[in-house]
Amino acid sequence: MKLKHVFTLLVFVLSVFSSSSLIASDTTVPFGIRHYDIGSAQNFTLSDIDGEKTELDSFKGRWVFLHFWASWCGPCRKEMPKIQQLANNMKGEKFQIVMVNTAEDEDTVFQFLASIKIDLNSLLDIDGQVTEAWKPRGLPTSFLINPEGQVKYQAVGGRDWGKPIYINFLKNLLRPE
Amino acid sequence: MLVVYNVQAAEPVVIKTPEMNIYFKPRTANQMGAFYEARGFPKEMRDVLRQQCFITVGIHNKSNKKIWLDMSNWTFTVGGKPIKREPRDTWKQRWHDMGVPLSKQSTFRWTLIPETLDYLPGEREGGNILLPFTDKRIGITATFSTGENKQGKKIVIKTDKLFCAQDKE
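If you read the protein sequences in the order shown, they are chains A and B.
Be aware that the first sequence starts at 1, since it is given in the working numbering, and climbs by one per residue.
Be aware that the second sequence starts at 1001, since it is given in the working numbering, and climbs by one per residue.
The hints are simulated quantities; they were obtained by calculation from the structure and are not laboratory data.
Every value quoted in this text rests on a predicted model; they were computed, and no experiment measured them.
Among the hints, erroneous ones may be present.
[Claimed, not checked] Simulated pairs of lysine-lysine, DSSO-like, Cα-Cα distance not exceeding 27 Å:
(1) A:K163 with B:K1066
(2) B:K1062 with A:K78
(3) B:K1081 with B:K1158
(4) B:K1153 with B:K1066
(5) A:K152 with B:K1104
(6) A:K53 with B:K1104
Input sequences plus hints: build the corresponding full structure.
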C-alpha cells in the first residue's frame, strides 16, 4: 500500500515536471535570438530585383521576419538556404519573410540569388541607408516584428532556421495567446 | 633594395581566457584591396585603404554572462608609444569629403568592428580594426566589462606580438 502511494506520487511528480518542460520549451527563446523590444518598426519602401516596390508596413497583421544580408558576407551566404527552408516550413502561416540586401547593386544580388538556386526575392537597399537606419548589430541580422508592427526579437549571425527549435519557436509566436 | 620581412608579421595572435577567445589577424594591403575592389570600391577609396594596417578581430564570448565591447576602452601602441585608432565617424567624414557613394560607405562600415557591442553568452562577432601602417611592433590592450550592467569583473587582454601584414614584392 505504501509502495503504491510512492508510485502514484512519482507518476504525479513526473507528469507535472514533463508538462512544465513542454511549456518551457514552447516559450523559451532559442539560442541566438534575443528579446529586442525597441517599439515600432521603422517603415521603409524598397524595390526588389524585379523593380516591384514593397512597403514594410503593408505586412501589418502578420509576423515579419526582416532579414539584412550581403553577398560578400560569408555567414549570410551560408544562411540563405536555411531561410529558404524556413520559408518552406512557414508556408500558409501568417508569416512574411522580408529580405533586404545591404548596399549592393541589382546585378550582384541577381547573380548571387541565381547561383544558390533559391526562390526568395530580396529588396535592394542600394545606398545602404535603410540598413543604417535599422542598425542591425552585424550582418546577417534578422528582426522579428509582431503583427502590430512592434519589433520584438533580433537574431544576429547565421543560424539554421530550418531546425525544429526555430520553426517551433516561430510557429508558437503565431498562436493566439 | 633589401626588404626584410618578419615572418611573424602575418601570424594571427589568439588569446584565450576562461571567459572569452579573441583573435587578431593582420591582413595585407593586397588582401584588403582585392576584397574592396571586388565590392566595386572606387580607386581613390582603395588607395587610402591600402595605406592602412588592417587587423581582423574575432571575439567569442564563452562565459555565461554578457561581455561588453567598447572600443574606447582599447589602447594601441607602436614601438611602445601610444597611437590613435581612427573610429567610424572619422572614416565616415573622410568618405563624405571625398564624395564616396553612400553604398560604398555603408559596405565599408560593415567591415569594421563595431564601436560598442554586448556579446551574449556563446556569441561570436568581429570586424576589422584600421591603424596607420607601421613596420614596428603593435601593442593592444583591450578592456572588457562583464555582466548585465557592466558591474562584473573586467577582462583585460594584452598583446605586443602584432605586426602589420605586408605583401611580398
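Cross-check of the supplied hints:
1. Between K163 (chain A) and K1066 (chain B) the alpha-carbon distance is near 26 Å, which keeps this suggested pair within the 27 Å criterion.
2. Proximity of K1062 (chain B) to K78 (chain A) is assessed by CA-CA distance (about 23 Å); at most 27 Å being required, the pair is judged to hold.
3. Of the pairs offered as hints, the one joining K1081 (chain B) and K1158 (chain B) holds, with about 15 Å between alpha carbons and a cut-off of 27 Å not exceeded.
4. Pair hint K1153 (chain B) plus K1066 (chain B) holds up; C-alpha atoms about 11 Å apart against a cutoff of 27 Å.
5. A distance of roughly 30 Å separates the Cα atoms of K152 (chain A) and K1104 (chain B); the hinted pair therefore is violated under the 27 Å criterion.
6. Pair hint K53 (chain A) plus K1104 (chain B) holds up; C-alpha atoms about 23 Å apart against a cutoff of 27 Å.
The structure fails to meet hint 5 from the earlier list, while all remaining hints are met.
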